[in-house]
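**Student:** Put together the whole structure using the sequences plus the hints.
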Amino acid sequence: MPVDEIRLKRWQFRKKKKIEKRRQKRQLNAEKNQPKEPVVVPSVTDQVLEKQKYQQQKELWEEREEKFKLIELAKKAAKEQEEQDKAKTQKRWHDTLLNLPMMPTLFTLDKTRKSTFKTFVPSDIEPILAPKKTYRERFLERKQAKNKD
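So the sequence shown is numbered by UniProt numbering: it starts at 1 and just counts up by one.
It is possible that part of the hints are untrue.
Pairs of lysine-lysine residues, derived as DSS-like cross-links and limited to a Cα-Cα distance of at most 25 angstroms, are as follows [unchecked claim]:
1. K148 with K133
2. K17 with K32
3. K132 with K143
4. K18 with K32
5. K75 with K88
6. K146 with K132
7. K25 with K15
Calculated directly from the structure, the hints in this document are not laboratory data.
**Tutor:** Right, dumping it as structure tokens:
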């Protein structure tokens, strides 16, 4: 009996069909991914053109880089000038404050001048209240009173 006429078991038949489908999908994907046009080897003129293009781009880049450096130098110089101006202004302000005339002080510690500090003077009109006694003091007073008796 030929191989095709042999009846396969169900699971073997399904496995065989599944493998065939996978193979077909892989072949289709491989055909899609293959380049349609052959790879063109660059000629000598193409290489020369690319070199020229590279040189032009390099020159443009170097010009931009020079402009950038000039701008950065100008920014740096402006910042330094601003810091110097700020330092000069601060020094002038400091010198002005140090050279201001001083007003005489309103209070002195000399006894010859009238003092601005206030001192408390108890009045003769109001009776002087005795400070309150603590519990301990009252206890000791009672104890002494008992001992005297």
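**Student:** If any of the earlier hints don't hold here, list their numbers in rising order.
**Tutor:** Those not satisfied: there are none.
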